[in-house]
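If you read the sequences in order, they're chains X and U.
Mapping of the first sequence onto our numbering: position 99 corresponds to residue 99, and the numbering continues sequentially without gaps.
Mapping of the second sequence onto our numbering: position 72 corresponds to residue 72, and the numbering continues sequentially without gaps.
To be clear, the hints were calculated from the coordinates, so they are not data collected in a lab.
The reader is advised that the hints may include incorrect statements.
The list treats identical chains as interchangeable, and a pair is accepted whether it falls inside one copy or across any two copies.
SDA-like cross-link-like pairs, simulated, lysine to any residue; straight-line CA separation at most 25 Å [said to hold, decoys possible]:
hint, residue 1, residue 2
1, K76, V139
2, K76, Q41
3, K16, V48
4, K143, A128
5, K143, V77
6, K76, S132
7, K143, V69
From a predicted model like this one, the values you see are computed outputs, not experimental measurements.
2 protein chains.
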Amino acid sequence: MKPEPASGAADEGELKLDAYLPYRLSVASNAVSGLIARAYQDRFGLTVPQWRLICVLAEDGGLTQGQLVARTVMDKVTVSRAAQGLLNRHLVARSEHQADGRSHVLALTPEGSGLHAEIAPLALAYEAALISGLAPEEVALLKRLLTRLQSAAGQLSGDPGSPTV
Amino acid sequence: MKPEPASGAADEGELKLDAYLPYRLSVASNAVSGLIARAYQDRFGLTVPQWRLICVLAEDGGLTQGQLVARTVMDKVTVSRAAQGLLNRHLVARSEHQADGRSHVLALTPEGSGLHAEIAPLALAYEAALISGLAPEEVALLKRLLTRLQSAAGQLSGDPGSPTV
DNA sequence: GGAAACTAGTTTCATATGATACGAGTTCGC
DNA sequence: GCGAACTCGTATCATATGAAACTAGTTTCC
Numbered sequence: 001m002k003p004e005p006a007s008g009a010a011d012e013g014e015l016k017l018d019a020y021l022p023y024r025l026s027v028a029s030n031a032v033s034g035l036i037a038r039a040y041q042d043r044f045g046l047t048v049p050q051w052r053l054i055c056v057l058a059e060d061g062g063l064t065q066g067q068l069v070a071r072t073v074m075d076k077v078t079v080s081r082a083a084q085g086l087l088n089r090h091l092v093a094r095s096e097h098q099a100d101g102r103s104h105v106l107a108l109t110p111e112g113s114g115l116h117a118e119i120a121p122l123a124l125a126y127e128a129a130l131i132s133g134l135a136p137e138e139v140a141l142l143k144r145l146l147t148r149l150q151s152a153a154g155q156l157s158g159d160p161g162s163p164t165v
Numbered sequence: 001m002k003p004e005p006a007s008g009a010a011d012e013g014e015l016k017l018d019a020y021l022p023y024r025l026s027v028a029s030n031a032v033s034g035l036i037a038r039a040y041q042d043r044f045g046l047t048v049p050q051w052r053l054i055c056v057l058a059e060d061g062g063l064t065q066g067q068l069v070a071r072t073v074m075d076k077v078t079v080s081r082a083a084q085g086l087l088n089r090h091l092v093a094r095s096e097h098q099a100d101g102r103s104h105v106l107a108l109t110p111e112g113s114g115l116h117a118e119i120a121p122l123a124l125a126y127e128a129a130l131i132s133g134l135a136p137e138e139v140a141l142l143k144r145l146l147t148r149l150q151s152a153a154g155q156l157s158g159d160p161g162s163p164t165v
């Protein structure tokens, strides 16, 4: 494969780790994820996957694990384990799926809803703190660019499960 | 803690996972990292930490592991293991550190340099493919914003090791 | 000069992750 | 109907990660 860095590549053919986008993305994401993960873990004993399930269930009501997998972009094993944890703490409840005996429908219990209501403001406060000092347009652009990258990565890896936006 | 989403928060007090920046960042980063990690692993048998060490050593010559830790933002255990792997494959060599008997100085061997020269173009091509379709200013802004987020996360977590740019 | 406090790097351990195999249920094709 | 092919969720395994303990070497300070 002939390398031909197209538009916008760092500085012309030079590979500098500090300027390398995948590296920068990973480092920034780790910093942010670590912060958030610690906060949820320390204060509420939740893992990030568990918190994501709670969020989605709070938004969308009763879903199967398969739907949660699609919705959260996490592995089905991760979702299974997170769901198990939440079940043990009675934050979500399972009910039989009408049409499919293999599947269950998950929904937040009142406790789960309560916890979500408690954490959500904190989560938003964290986001606000992270982007404080950025202009709203910058944040919007950032989100668009992230989606682009995700989609490009999906295309390159041949995976279909990526936004084609 | 009173939640008070400041400037630029998604849409007013609503928490939607899809619009939540830490989530978006994590998903995008995972997609990109996964792509890159698979490429290095499949074609060259390198892990991402190993590749990062190679990059930094190619840029900066002989460094101690401590310097590598600082330079790559990775854990010292991760660096230790990555270095071990590279040593086993004779891609880097160790020499005694003059002033400090605990430390060794790591540098690429000719083979290591050769591998770097082989991979670097591929790495740049990946980056180029990822950002193809983005304007150069957008890419530059993206990198700046990522640095900002990383730095903000560092501040919030009380860690010093973050760019104060 | 030598004990206490410190630092570089490794080892150990506990946990997290995802690929793979599996068990149970479903759908398709005949 | 009933077996083959498939899908949902779980269990198993192999690997990756980082926290904490540890070893060996260094600095500090009396």
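Structure-based check of all given hints:
| no. | hint | result |
| --- | --- | --- |
| 1 | K76 x V139 | neither (31 Å within a copy, 33 Å between copies) |
| 2 | K76 x Q41 | both (21 Å within a copy, 24 Å between copies) |
| 3 | K16 x V48 | between (32 Å within a copy, 15 Å between copies) |
| 4 | K143 x A128 | both (14 Å within a copy, 19 Å between copies) |
| 5 | K143 x V77 | neither (27 Å within a copy, 33 Å between copies) |
| 6 | K76 x S132 | neither (35 Å within a copy, 31 Å between copies) |
| 7 | K143 x V69 | within (21 Å within a copy, 30 Å between copies) |
Hints 1, 5 and 6 from the list above are not met by this structure, while the remaining hints are.
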